[in-house]
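Q: Once you have looked at the hints, place chain B on chain A.
This is what each chain is made of:
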Amino acid sequence: MKESGNFGQREAKKPFYFNTSSHLLRIGQEKATTLSELLHALHTCSSDSIFQHTFRTLQEHHFIREGFSNDFAHWAFSACNEPGLAERLAGLDVREYTDVEDIRHKIEEIVAGYIEANPASRERRSREPFYFCASEALVLPTPFVARSIQQFVEDLARVSIHSIHHHFIEARLRLKLSSNDFSQWLEEEDLPEASAQLNRIDIYTATLEDVRRQIILVVKHALA
Amino acid sequence: MDTANISSSPIDIAGHSGSMTGHGISSPTGMKRRKTDIHIDDTPPPPPPPPRLLDYEPIIGQAVLDELRYLAEALQGKSVKMVNSTAMGGGVAEMLNSLVPLIVELGVVTHWDVITGGNDFFEITKAFHNALHGGEYHLTRKTQEIFLQNNDQNRKRIQFDEDVIVIHDPQPAALISERDARNAKWVWRCHIDLSNPNAEVWSFLKPMVERFDAAIFSSQSFAQRLSVPQYLFYPCIDALSEKNKELDESYIQQICDDYGIDRSRPVVTQISRFDRLKDPLGVVKAYQMAKKYVDLQLVLAGGSASDDPEGAQVLAEVEDAAANDPDIIILNLPPWSGLQINALQRASTIIVQKSLREGFGLTVTEALWKSKPTIASAVGGIPNQVIHKLTGALVHSVEGCAYQIRYLLTHPDHARQLGKNGHEHVKENFLMTTNVKRWLLLLRFLLGAKEK
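Same order as they appear, the protein sequences are chains A and B.
Here the first sequence stands for residues 0 to 223, numbered as in numbering that gives the first Met the number 0.
Here the second sequence stands for residues 0 to 451, numbered as in numbering that gives the first Met the number 0.
The following block holds chain A by itself, in its conformation from the complex:
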C-alpha cells in the first residue's frame, strides 16, 4: 500500500526502462477481393500479418478517436459495403487477447459466421482488394529510466507515442497477460489500484495522446 509523505520520490524497487518499437511494413502474398478469399487468407497469412492489421493499425491511426479499430473492419465497411460485418469486427478489442493466434481465430469465426448467415455476401467482389501486409519489428532502448514514480510520470510525458504503444498495448503479447508493462510495474511499486485503473482506459475512443494523458492522471492521482 501507498505510504504517506514523498511516496513519489521514493526510489523504485526496480527501475522502469522505457523502450520503443519500430516497425517495417512487408507486403504479403495474400490478397482478398471477396469475403471467402478473406477467410482463406486469414487462415494462411502469417501471425505478423494479423498483428499488423489489428495492433499496428491502432498505432498508425493513433490520432483518431472513432471508427478505426482494425483494418479488417475498415475494409468490410468501406470496400465491401458490409456494415454488419464491419461492426462485429470493429467490436474486437485487442486488449482481450494475449496471443495473436487467438485474435486470428476470433476474426475467422466472425467472418465465417457472417458468410454463413449472409451467403450472398460470400463471393461479392469488393471495391478494393484487401492486401495483407506484415510487420517486422525492432525493439530499441531509450535513455529514459524511471527510478521513482515521480520520474516515471515525468518520463511518460517525454517518451514518444511509439513507446507508449509498445508498453501499453503491444506488451500483452509479450507478457501473455491481460495487462501491460506500466500496470505490472505499478503493481510491484505498491500501487495496485492505479495498476488496475490503467487497464480500464479505453484505447478505441481515445487517441494515444489522450491515453498518455490519462495514464499520467491516474498515476498522479494515486500519488496525491
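Everything labelled a hint here was simulated from the structure, so no lab data went into it.
Everything numeric in this text was worked out from a predicted model, so none of it was measured.
Idealized CB from N, CA, C, for every residue including glycine.
Heads up, some of the hints might be wrong.
[To be verified] Some residues of chain A that are not near chain B, with every Cβ distance over 12 Å (derived):
| # | residue |
| --- | --- |
| 1 | 8 |
| 2 | 25 |
| 3 | 58 |
| 4 | 122 |
| 5 | 126 |
| 6 | 127 |
| 7 | 163 |
| 8 | 170 |
| 9 | 176 |
| 10 | 192 |
| 11 | 208 |
[As the list claims (entries may be wrong)] Covered stretches of chain A, going by a simulated chain B footprint (3 or more residues, C-beta under 8 Å):
| # | stretch |
| --- | --- |
| 12 | 40–49 |
| 13 | 98–107 |
| 14 | 139–149 |
A: This is chain B only, laid out in the frame that chain A set:
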C-alpha cells in the same frame, strides 16, 4: 550539412552537379496569365540548402527525432549507395536530395550515383516506364541489347564498395549483374505503379528484380508477386521544403492578391497538371454544381503545358468550360513554383484531387499536411491517405465531389476535424522523417546490425 560522405559520379546535394536534365519551360510566355500580372522567375532558382535533422524537431518532436538516432546507433560506419537515373527533376531526385543528407547526418555513409546513357537508352527507359504503367510496347532484341549495354557501361564506371546498394526504378536495374562480385545487400526501390505492367517488359525485368535481396514499393497495390521480400515505403513529403514549409500570412495574402483570389469567400483548389487523368473538367463541373448552393471560387493551378500538346489542349478545354466565370481562376505555373503552390494551398478552404487515375498522389499529402479538408478520388494511393470521413472525403464521381464541396463548406466543424486528422495522418506516416526511419530499419534488418 556534411557533404564529405556524399560522393562518386557524384551528386552534390545542393544540386550543383553535372549530368542533369532541365525542365520544359524556358520562357515566361509558358505561363498562363488569366487574372493579373504574375511575377515568377522564368528560370529555376538555385535549390535551398537541405535541412538538418534538428530543423525537424519543432515538427515531429524530440522523442521521435531521438528514435531515429537510436535506430542509427548500430549503423555507424555502415555504407549505402543510391543509384538512380537523374540528379534533378522528378520525384525520385527530389526525394533523394532530402533523404541522403539526413541519413548521412545520422552517421550512415551514403553515396549517390546517377547513371549515364545515350539518347537511345533513355528513350528506351522512357518507353519501359510507360509500358510498366500498362502501355503497349513491343520489346525487341535490339532494345534489350541497348538497355543491357548501357547498364554494363555504368556497372564498369561506378564503384560498388558499400554495404548496401539501392537501385531506384527500372533504368539501372541491370546493375544487379555486379552482385556476384560483391558481398553487399542489393535493394530495388520501385517508385512506379507495377500493378498492370506490359507483360513483355516485365518478363524481361523480373528475373533481374528477383536477384535483389529485397524490393520496395510505394503502395500495396503497386507490387507484383516476387520471390524476394517486398516492403512498403509510402512516398513522402518534406515538411521543410518550399512546397510545404510554414509561410507568413502576408506572403499568402500577397499571392492571393496577385492572382485575384478573394479570401473573404470560400476557395476550392485543385493543384495538378492540365492532364485528362487529373480530370480538371470534372472539377469545373463539380464547382458549377456546388455553386448553385454555395458561394465559392475555384482555383485550378498546375504545371506548364508548353511541352505537352495534349496538356495545352486540356488547358484550352478547361478555359472554355470556365467560360467567363470570374470566380474560376486558372493558373499555369512553372515547375519551380513551390512557394506559390504552398501559398495557394494554405489560402484554400477546401482542396480537391479529382483524378481518374493516380500514382500515390503527393498533392493530396501536401493538402492534408496543411490541415486542409480534402476531397479526393478513391484511386491509386489516395485511399491510403484519405480515409473517408476521418481524414478527408473520398469520392467516385463529379456529383459526389460537388456534394462533398457543399457539405464541407456548410459544416466547418466537421471540415476542421478532417483537416486536423489529415495533418496527424501525414505526420505519422508520410513525412520525410518517417521515410528516414523506414530506411534505417531496412538497413538494420538487412545488415543484422546489433545495438552498440
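Q: Just to make sure I understand the rule, a stretch counts as covered if three or more of its residues have a C-beta closer than 8 Å to a C-beta of the chain. Does the stretch 139–149 of chain A meet that for chain B?
A: It holds: at least three residues are needed, and the stretch 139–149 of chain A offers 4 whose Cβ sits within less than 8 Å of chain B.
Q: Is the nearest Cβ of chain B still more than 12 Å from the Cβ of residue 122 of chain A?
A: The claim holds: residue 122 of chain A sits with its nearest Cβ about 21 Å from chain B, beyond 12 Å.
Q: Minimum C-beta separation from residue 176 of chain A to chain B exceeding 12 Å: can you confirm that?
A: Given a closest Cβ separation of 26 Å, the condition holds.
Q: Hey, does residue 126 of chain A actually stay past 12 Å from chain B on C-beta?
A: The claim is violated: residue 126 of chain A sits with its nearest Cβ about 8 Å from chain B, within 12 Å.
Q: Beyond 12 Å from every chain B Cβ: check whether that's true for residue 163 of chain A.
A: The assertion about residue 163 of chain A is violated, with a minimum of 10 Å to chain B.
Q: Quick check for students: does the CB of residue 8 of chain A sit more than 12 Å from each CB in chain B?
A: 24 Å, holds
Q: With 12 Å as the threshold, tell me whether residue 208 of chain A passes as away from chain B on beta-carbon distances.
A: With a cut-off of 12 Å, residue 208 of chain A comes too close to chain B, as the shortest Cβ separation is near 9 Å.
Q: Beyond 12 Å from chain B, beta-carbon-wise, is residue 127 of chain A?
A: 7 Å, violated
Q: Would you check chain B against the stretch 40–49 of chain A, counting CB to CB pairs closer than 8 Å, and say if three or more residues qualify?
A: With 0 residues close enough to chain B, the hint is violated.
Q: Just double-check residue 170 of chain A for me: nearest Cβ-Cβ distance to chain B has to come out over 12 Å.
A: Label holds. Min Cβ-Cβ 18 Å, cutoff 12 Å.
Q: Does residue 58 of chain A clear chain B by more than 12 Å, comparing its Cβ with all Cβ atoms of that chain?
A: At about 8 Å from chain B, residue 58 of chain A fails to clear the 12 Å cut-off, so the statement is violated.
Q: Mind checking, does the stretch 98–107 of chain A have 3 or more residues with a CB under 8 Å from chain B?
A: n = 0 at 8 Å, threshold three: violated.
Of the numbered hints listed earlier, those contradicted by the structure are 2, 3, 5, 6, 7, 11, 12 and 13.
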